[in-house]
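> Here the structure of chain A is known, so what remains is to put chain F in place on it, guided by the hints.
2 protein chains.
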Amino acid sequence: MTNREVAWALKCDLDRHGGQLSTQLAQQIRNSIAGGELIPGDRVPASRALARELNVARGTVTTAMDILIAEGLLEARAGSGTYISSDASFCPEQLQPVSETLIALPHAVPKPEIDQLGAVQIDFRPCRPSLESFPLAIWRRCLSSAGSAMPSADYGDPRGDERLRNTLVTYLRRARGLSFTADQIIITNGAVHAMHLLSSVYLDHDSKVVVENPGYRLARQTFRLAGADIIPCAVDSSGLVVDELPSNTENVRFVCVTPSHQFPTGSRLSLGRRRELISWAEERGILIIEDDYDGEFRYDVSPLAPLAAMSNGCVVYCGTFSKTLFPGLRIGFAVAPKRLIDTLAAYRSISEYAPNTILQSALAKFISEGHHERHIHKMRRIYAQKRKTLAESLRASTFAEQLQGLDSGLNALVKLKTGLTGTRLSAKAKHLDIVLPPVRHYALDDSVPDDAVVFGYAGLSEDQLVRGVEMLNTTSSAR
Amino acid sequence: MTNREVAWALKCDLDRHGGQLSTQLAQQIRNSIAGGELIPGDRVPASRALARELNVARGTVTTAMDILIAEGLLEARAGSGTYISSDASFCPEQLQPVSETLIALPHAVPKPEIDQLGAVQIDFRPCRPSLESFPLAIWRRCLSSAGSAMPSADYGDPRGDERLRNTLVTYLRRARGLSFTADQIIITNGAVHAMHLLSSVYLDHDSKVVVENPGYRLARQTFRLAGADIIPCAVDSSGLVVDELPSNTENVRFVCVTPSHQFPTGSRLSLGRRRELISWAEERGILIIEDDYDGEFRYDVSPLAPLAAMSNGCVVYCGTFSKTLFPGLRIGFAVAPKRLIDTLAAYRSISEYAPNTILQSALAKFISEGHHERHIHKMRRIYAQKRKTLAESLRASTFAEQLQGLDSGLNALVKLKTGLTGTRLSAKAKHLDIVLPPVRHYALDDSVPDDAVVFGYAGLSEDQLVRGVEMLNTTSSAR
Numbered sequence: 001m002t003n004r005e006v007a008w009a010l011k012c013d014l015d016r017h018g019g020q021l022s023t024q025l026a027q028q029i030r031n032s033i034a035g036g037e038l039i040p041g042d043r044v045p046a047s048r049a050l051a052r053e054l055n056v057a058r059g060t061v062t063t064a065m066d067i068l069i070a071e072g073l074l075e076a077r078a079g080s081g082t083y084i085s086s087d088a089s090f091c092p093e094q095l096q097p098v099s100e101t102l103i104a105l106p107h108a109v110p111k112p113e114i115d116q117l118g119a120v121q122i123d124f125r126p127c128r129p130s131l132e133s134f135p136l137a138i139w140r141r142c143l144s145s146a147g148s149a150m151p152s153a154d155y156g157d158p159r160g161d162e163r164l165r166n167t168l169v170t171y172l173r174r175a176r177g178l179s180f181t182a183d184q185i186i187i188t189n190g191a192v193h194a195m196h197l198l199s200s201v202y203l204d205h206d207s208k209v210v211v212e213n214p215g216y217r218l219a220r221q222t223f224r225l226a227g228a229d230i231i232p233c234a235v236d237s238s239g240l241v242v243d244e245l246p247s248n249t250e251n252v253r254f255v256c257v258t259p260s261h262q263f264p265t266g267s268r269l270s271l272g273r274r275r276e277l278i279s280w281a282e283e284r285g286i287l288i289i290e291d292d293y294d295g296e297f298r299y300d301v302s303p304l305a306p307l308a309a310m311s312n313g314c315v316v317y318c319g320t321f322s323k324t325l326f327p328g329l330r331i332g333f334a335v336a337p338k339r340l341i342d343t344l345a346a347y348r349s350i351s352e353y354a355p356n357t358i359l360q361s362a363l364a365k366f367i368s369e370g371h372h373e374r375h376i377h378k379m380r381r382i383y384a385q386k387r388k389t390l391a392e393s394l395r396a397s398t399f400a401e402q403l404q405g406l407d408s409g410l411n412a413l414v415k416l417k418t419g420l421t422g423t424r425l426s427a428k429a430k431h432l433d434i435v436l437p438p439v440r441h442y443a444l445d446d447s448v449p450d451d452a453v454v455f456g457y458a459g460l461s462e463d464q465l466v467r468g469v470e471m472l473n474t475t476s477s478a479r
Numbered sequence: 480m481t482n483r484e485v486a487w488a489l490k491c492d493l494d495r496h497g498g499q500l501s502t503q504l505a506q507q508i509r510n511s512i513a514g515g516e517l518i519p520g521d522r523v524p525a526s527r528a529l530a531r532e533l534n535v536a537r538g539t540v541t542t543a544m545d546i547l548i549a550e551g552l553l554e555a556r557a558g559s560g561t562y563i564s565s566d567a568s569f570c571p572e573q574l575q576p577v578s579e580t581l582i583a584l585p586h587a588v589p590k591p592e593i594d595q596l597g598a599v600q601i602d603f604r605p606c607r608p609s610l611e612s613f614p615l616a617i618w619r620r621c622l623s624s625a626g627s628a629m630p631s632a633d634y635g636d637p638r639g640d641e642r643l644r645n646t647l648v649t650y651l652r653r654a655r656g657l658s659f660t661a662d663q664i665i666i667t668n669g670a671v672h673a674m675h676l677l678s679s680v681y682l683d684h685d686s687k688v689v690v691e692n693p694g695y696r697l698a699r700q701t702f703r704l705a706g707a708d709i710i711p712c713a714v715d716s717s718g719l720v721v722d723e724l725p726s727n728t729e730n731v732r733f734v735c736v737t738p739s740h741q742f743p744t745g746s747r748l749s750l751g752r753r754r755e756l757i758s759w760a761e762e763r764g765i766l767i768i769e770d771d772y773d774g775e776f777r778y779d780v781s782p783l784a785p786l787a788a789m790s791n792g793c794v795v796y797c798g799t800f801s802k803t804l805f806p807g808l809r810i811g812f813a814v815a816p817k818r819l820i821d822t823l824a825a826y827r828s829i830s831e832y833a834p835n836t837i838l839q840s841a842l843a844k845f846i847s848e849g850h851h852e853r854h855i856h857k858m859r860r861i862y863a864q865k866r867k868t869l870a871e872s873l874r875a876s877t878f879a880e881q882l883q884g885l886d887s888g889l890n891a892l893v894k895l896k897t898g899l900t901g902t903r904l905s906a907k908a909k910h911l912d913i914v915l916p917p918v919r920h921y922a923l924d925d926s927v928p929d930d931a932v933v934f935g936y937a938g939l940s941e942d943q944l945v946r947g948v949e950m951l952n953t954t955s956s957a958r
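Sequences listed follow chains A and F, in order.
Going by the numbering used here, the first residue of the first sequence is number 1, and it counts up by one from there.
Going by the numbering used here, the first residue of the second sequence is number 480, and it counts up by one from there.
Just chain A, with the same shape it has in the complex:
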């Protein structure tokens, strides 16, 4: 071998346990071309010599070279051997890396208020589902089935896959008592995306949006990003306090509520208030955004009809599969009058064409074969058990005065004994490597008393729940 040829072998560092050697070899040669170490016109050493140098079978080398020839990175010249192809690479010295000297500055965008799960011992933050009983094999089969259809050359429907929409028509009628047609729903990239689309077609810089206080932080940011001012409205153990809705509703476009399970206090909007809220909104021409983020998980109580099934067209019902399946699926939906769906779909087309076809198709199969409802039913039992364990621990605790919000959903609100504050208990918890959000974390202002903390229990094991409460007992008594 020539010196230059020996250099080839030196570039190649094969891992005998790292998968197919020919694939590894091809990848390393690709990298060397990309890095400019091998350049167009370089001759490839004879396969026999290279194989000897690398201590592999000659077939390994010829297979790797065949792959690279097929990719156009190498070219075989008749009678003279194999070379790095002339268009395999750019001349690196002409080019420069993407530079940070960006001239024009974008608008400031606030830091997203997202609770990313951290590497802590016990994380009580709400809204994370448990994946312990996720039917992985069934889901993979649905995915594989969706992937076995030859893809279309077209972009798909901006409202979402027709089969999935039809499946949701049936599912939501059965599960939530919602009656609508497939042209009254749009598949979104999660519930927040539905709110983003709504904000984009309704809100201006003089708009106002009424939200629950305390409430969902990211939704507030979404409305603000579209220019709106936020008007807080109090909640109590029957949900949004409808009597405290603003009397001056000029420029108020939305009222955004979580009637099934108020976030984060866990209360359910009573039937009477549901009726009052709808009258209030209908009289004023204000749209209600009904965020049903975890309404599937209901325990010992009877269901209440969604607002969308009680109103005369002023409710948009938003749902998501982030809690019933998993957040990374990024599929949610909005149910609304067709006219509004068509507008949302037009906006969606101009901003991203349409949702991806494959996950929609897999999900449609998963739901229509009954796996989704079976999974919810199974998780309901698991969550009910966790909730029972948490409730027992909390009743015996040194800090909990009262438990709320255990009827449904994935989290509970714990009112603290006199003398304790949520922010202080949360700060103490942090020293124990426990994340426990005070209710104030979700508040817009000081009108929300600092007397409670939020326990997201769904994603934790029963052992973690018991241990977490025990650790908090120690710290809360040692004031």
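Simulated from the structure, these hints should not be mistaken for laboratory data.
Warning: the hint list may mix true and false statements.
Calculated cross-link-like contacts (lysine to aspartate or glutamate; reagent style DMTMM-like; alpha-carbon spacing at most 20 angstroms) [claimed, not checked]:
hint, chain 1, residue 1, chain 2, residue 2
1, F, K857, A, E75
2, A, K111, F, D662
3, F, K817, F, E641
4, A, K378, F, E554
5, F, K844, A, D15
6, A, K365, F, D494
7, A, K378, F, D545
8, F, K857, A, E100
9, A, K111, F, D821
10, F, K817, A, E100
11, A, K338, F, D633
12, A, K111, F, D633
13, F, K590, A, D342
14, F, K590, A, D154
15, F, K590, A, D183
Chain F alone, transformed into the frame defined by chain A:
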């Protein structure tokens, strides 16, 4: 059986060739509950009697019932039989369907300028890839592998999956000579989504955006939706005519170009103009959006470095997998300085959290194992052959004066012989059930001469290409 019980059997219409009978039966009972035909408290007939009535095995019935019990729709009461569960349904008469009487009206959103593939004989519209050689089995394996990892309870990185970003760092260095790091890229829901994110963080109601004329219609709509005015700039056979960029650049935020293969004329931006465009933009603090929508498909010409590899930080490079793989994947990306990527990611978080995890993971595997480049290489040969066939047919045609844009991409521009106009030929083609867009379709104003049509050839068979040109010969000579 009682009359009411016989009604059960009558509701059930099983298709012997329609898949598992027990699954069908369970679904039909679900539907009857949802439709209010079966109501909470209804007793389920004895399995033996129902099986006889339906003429199926008793096991079919008991399996269906077990499924429904597991789902909570039926409940077995000890010693008394099985009943429709009390929380299986809402009382339908209380509820009303989603109504069209929407009170608040959204802003008007224009009709998206999307060329949906129609049911015509021959569709020459550009930008549709051919799926004939798509490696479906390999893609399905990658998808299945992505689906076999237990999903996370977290939402993922708004910039996109780290492994995919790292894979693209390597791929784009090798394929396009772009050198950057994984924190200088964001995975988007396609290239238009990248433009939408950029528009959202840069544009206001007084902003202006320079675009190519003729050019990509949906991009113009995206910029307009964010409030911007559009300033057209001419193109010729060397791409954007840089000398004709506006002299008054007040409030101009972007210039959006397709340097690899001008859409739809197919010209490539010359090296000299690339340097001039970058100087122009850098001097004025204007961002260049480099839309490399089909730059992977290059035929007999040597590559030119992307603008992003030549500038000092004023270029955002946008790419997509819609052409190299398929549009329904909805994955693209933007490469930009880290500061800008962070802003785009924050905006993305607040509007939809993050992209879905599964397709990103499948794509990372597909690319890193070399399948993507192999597929491109294969398609390049297929498209080169189609392009040759089209060119031969056109050279012998009665209407084509000159062919342009065949160096790369998936479509060509055909300048017509004197006396013919693009709009007239297109109208005649329509009578033959052929869609053939005139170049004017992509123009912003009358400055673009009506002397050419666009042939998207990638998605058609060679036979269709030949036949299409032959049919056009007949009609264009019979003026």
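> Now tell me if each hint is right for this structure.
Hints, one by one, checked against the model:
no., hint, result
1, F:K857 / A:E75, "15 angstroms, holds"
2, A:K111 / F:D662, "17 angstroms, holds"
3, F:K817 / F:E641, "15 angstroms, holds"
4, A:K378 / F:E554, "15 angstroms, holds"
5, F:K844 / A:D15, "19 angstroms, holds"
6, A:K365 / F:D494, "19 angstroms, holds"
7, A:K378 / F:D545, "14 angstroms, holds"
8, F:K857 / A:E100, "36 angstroms, violated"
9, A:K111 / F:D821, "10 angstroms, holds"
10, F:K817 / A:E100, "7 angstroms, holds"
11, A:K338 / F:D633, "33 angstroms, violated"
12, A:K111 / F:D633, "18 angstroms, holds"
13, F:K590 / A:D342, "10 angstroms, holds"
14, F:K590 / A:D154, "18 angstroms, holds"
15, F:K590 / A:D183, "17 angstroms, holds"
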